[in-house]
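Participant: We have chain A already, so just place chain B on it with the hints.
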Amino acid sequence: MQSETGRLTIKQRKRFSQKTNEYKSGYLFISPFFILFGVFGVFPLVFTLYISFHQWDILGTTEFIGMTNYLSLITNDPLFWKSVGNTFSIWALSTIPQLIAALLIAFFLNQAFLKYKSFFRLSIFMPNVTSVVAVALVFSVIFGSQYGLVNYVLSLIGVEAINWSGSYFGTHVAIATMVMWRWIGYNAIIYLAGLQGISKDLYEAATIDGANKLQQLWSITIPMLRPIIIFTVVQSTIGGMQLFAEPLLFGQGSQYQGLTMTLYLYQEAFNRFSFGYAAAIAWMLFFIIIIFSLINLFLTRKISSA
Amino acid sequence: MWIKKSKWFLIITYFLVVLTACNNSDSVSENEENPSSLTLWAWPGFGLEELAAEYEEETGISINIQEAEYGDVHQNLITALASGSGAPDISAVDQGYLDQMKQNEDQFHNLFDFGGEELADVYLDAKWSQATNTEGDFLLGVPTDVGPMVMLYREDIFEEAGLPTNPDEVAAEIDTWEAYVEAGKQVRENTDAYMINRTSDIYVAILDQAEEQYFTTDEEFIGDKSTQSLRAWEVASHAVDISMNVERSTPEWGTALANGEIATVLLPPWMLQNVKNAAPDTAGKWNITFMPEGSGNFGGSFLTVPKQSDYPQAAYDFAKWVMAPEQQLRIFENGGPFPSTPSIYDEPAIQNLEDDFVNSDQLGILYAEAAEEIVAGYKGVHHDAVSSLFQDALVSIEDGSATPEQAWDNALQEAERQLSR
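Chain order of the listed sequences is A and B.
All the letters of the first sequence, read from the start, carry residue numbers 109 to 414 under my numbering.
All the letters of the second sequence, read from the start, carry residue numbers 7 to 427 under my numbering.
What the hints contain is simulated information worked out from the structure, not anything from laboratory work.
Don't be surprised by glycine CBs; every beta carbon is placed ideally from N, CA and C.
Some hints here could point you the wrong way.
As the list claims (entries may be wrong) - Simulated restraints, written as ranges between beta carbons of each label pair:
#1 A/236 x B/283: 30 to 36 Å
#2 B/59 x A/130: 58 to 64 Å
#3 A/147 x B/355: 52 to 58 Å
#4 A/173 x B/111: 21 to 27 Å
#5 A/154 x B/85: 17 to 23 Å
#6 B/143 x A/149: 43 to 49 Å
#7 B/139 x A/338: 55 to 61 Å
#8 B/228 x A/189: 55 to 61 Å
#9 A/405 x B/283: 47 to 53 Å
Chain A on its own, in the form it takes in the complex (with noise of 0.2 Å):
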C-alpha cells in the first residue's frame, strides 16, 4: 500500500515535471515576440505615461511636475484643441465620403457583369501602396494656389481661385482628399471580401421577388455587411486619429488649420523638444482614440440595425 502510494508520487512528480518542461519550452518558442513586444511595445507604453508627469527636454534634468503637463494641455492650450478640432473635422471629411464610395465601388465591381475583374480590383487597390510622402508632394503641386491644377481647372469654370494652403476649408479638404484617395481601394476591397461572404441565394430569392438593384442594396448588402462596415470604421477612426505625414508635408498653414493632434505631439517632442508635454499629448490621443471609437462603434450598431 504505502509502496504503491509512493510510486504513485514518483510517477505524478515525474509526469509534473515533464509538464512543466512542456511548459517552460512553450514560452521559450514564443519568448522572442514577447520579448520584442516588451521591449518595442510595452516598455514605451509605460515610460511615455511616467514622463508625462515630467518636465524634460531630453538632454537636461527631469523634473516632476505630477498633473502640470496634462493641466495645461486642457485649460491652457488652444493650439491643442485647435489640433483636435481639425483632426476631427479633416477626418469627417475625409472617413464619411471615403466609406460611402468604398461600399459603393465594392458593389459595383462584385456585380456579375463586370468584365476584367481583377483589373479593377488591382487598380482601386493601387494608390494604398503608394508612399505617403509621394502622394502628399504630388498633392500639395495639384493643390498649389497659384499654379495648381484645380485652381486651373476652376479658372476653366470661372470659379475664383482657392487659397488651399491658406484657408481651413482649402487645407481640410486637400488633406481629405489625400487621404480618401490613398484608402478608398483599401476599403474597397475589404467590403468587397465581405460581399464575396454573402449568399447568392439571397439576391437570387430577392430578384425573383421583383427587388431592384437598390433595394437589395439597401436590405440584403448593407445589413449582411455590418461587422465589416463595424470594422472599416473603426480602422478608419483610429488612421484618421493618427492623420500625421500629410498635414507635415502639405503645411499646417498660417492659422494652424493643417495642424493634426500627432502633428502636434511631434512638434512639441522634436521641434521644441518638450518630451514630458509631448508624452502627455500622447495619452491624451490615447484616451480621445478610445472615447471617439467606443461612440462609433455605438453609432454604427445602432445604425445598422435600425
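Facilitator: Relative to chain A, chain B alone:
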C-alpha cells in the same frame, strides 16, 4: 542529452546574434592615442569627402562620414547624447541648434582643452562668438561655412519697373528696408512680377541684422519690445502688397521663379543653387548686390566633439585641419559653401569668382564683404520656435485671415504661452 545540448546551443546562438546585431558599431581600436578611424555625422552639402580621403593618406586615420538629412542629424545626436551612447566622434551642429547644445555643455568636450585657443583669429568674429559660450571659456565647435545674405534680383524686371540695374546703383537706391518696399511697389505697378515670394523672408532677414533679437543673453524674452523685432515686423507686415505669398523652396516657388514672377530673392550663396535648379532657363537674367542695411547669416555650422568620443584630441585635430582656411577654400572651389575664414577672401578663387547664372564679376568680392558685415546676434534656445510663430502670423496676414494687429497679438500671445510652460 544531445537534445538538451542543441537546445542550449540554439538559445545561446540566438542571443549572440541579437547582441552582435545591436553592437556592431563598437569596433574600437586599442590604441588610445591614434585611432584608426573617426566617425563624423553631417548632412549633405559639406563637401568633405575628398579632404577626408586625403587626411587618411596623410595620417592613416580614416574619417567615416555618415550623412543623414539635416533634421535627422540633430535629432539623432540629441538622442545619442541623452541615451549616453552612439554619438559620433565629430558631429556637425547647425547654428539653429547651437544654443540648445550650449545649454548642455557637459555633453561636449571643451575644445579649448585641446588647443582651441589657436583658432580665435582664424574665423569671422561673428562665427567665433557663436562657437564659444557667453563667458568665452567654452569652445563648443570648430566653425565651418558661413551664409552671408545678399540680394539676388532680376535685371530685366528692375529695368521694366524703372529701377536701376547696375548692382552698385541698386545697392545705393535700395539702401533701407523702406526703400526696398517702395521699390517693390514700383515693381508691382509697372510689371507683372512680385518683389518677393513671402513677407516672412523679409522679416527673417531684418531680424538677423541686429545683436538683440528675441532674447537677452539671460534668456529673457524681449520679442515684444526689442528694436529689431519690432522693426522687422513693422516693415514685413507692410510689405504684403509686394509679396506673392509662396513658400521658399517649394514647387510653386520654382514655377514662380521660372516664370519671372519674383523680382528679388534674399539668399546666402549656397541657396543660389536652389534658384538654379528651380529656374535654369533664367540664367543670365539675374544680378546680385547687397541686401539693405547690411548682411545677415543664413546657415553655417560647427564641428563639435561629443563627450562620448574616445579620441577627442584626434577629433579636434581633424576638425581643425579640415576647417582651416586652405581646406575651406578648396571646399568652396569644388562648389561647396562659403568659407568663414576671412584670411582667404583675397584669394583669386574668391575675388575672381564667376557664375554664368549671374551677370556679376564682383560676386566673390560681394560675398566676402557681406560675410564681414554679419552681426553675431544672440539666438537662445527658443529662437526658432518663436520665430516660426511670427513668420506664421505674417503669412496669416497674407492669407487674408488676420489683420496685422490681430496677427501680432496672436503670435505674441502664443509665444508667451509656450515660453511660460
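Participant: Each hint needs a verdict: does it hold in this structure or not?
Facilitator: A quick look at each hint next to the structure:
Taken as a hint, the range 30 to 36 Å holds for the pair residue 236 of chain A and residue 283 of chain B, whose Cβ atoms sit roughly 32 Å apart. Take residue 59 of chain B and residue 130 of chain A: their Cβ atoms lie about 59 Å apart, and the range 58 to 64 Å holds. Hint check: residue 147 of chain A to residue 355 of chain B, Cβ distance near 53 Å, so the stated range 52 to 58 Å holds. Look at residue 173 of chain A against residue 111 of chain B: about 25 Å separates their beta carbons, and that is inside 21 to 27 Å.
Distance hint check: the CB atoms of residue 154 of chain A and residue 85 of chain B are about 19 Å apart, consistent with the given range 17 to 23 Å. A beta carbon spacing of about 46 Å between residue 143 of chain B and residue 149 of chain A agrees with the range 43 to 49 Å that was offered as a hint. Roughly 60 Å separates the CB atoms of residue 139 of chain B and residue 338 of chain A, a value that falls within the hinted 55 to 61 Å. At roughly 29 Å, the beta-carbon separation of residue 228 of chain B and residue 189 of chain A lies outside the given 55 to 61 Å, and the hint is violated.
The given range of 47 to 53 Å is respected by residue 405 of chain A and residue 283 of chain B, whose C-beta atoms sit roughly 51 Å from each other.
In this structure, the one hint that does not hold is number 8.
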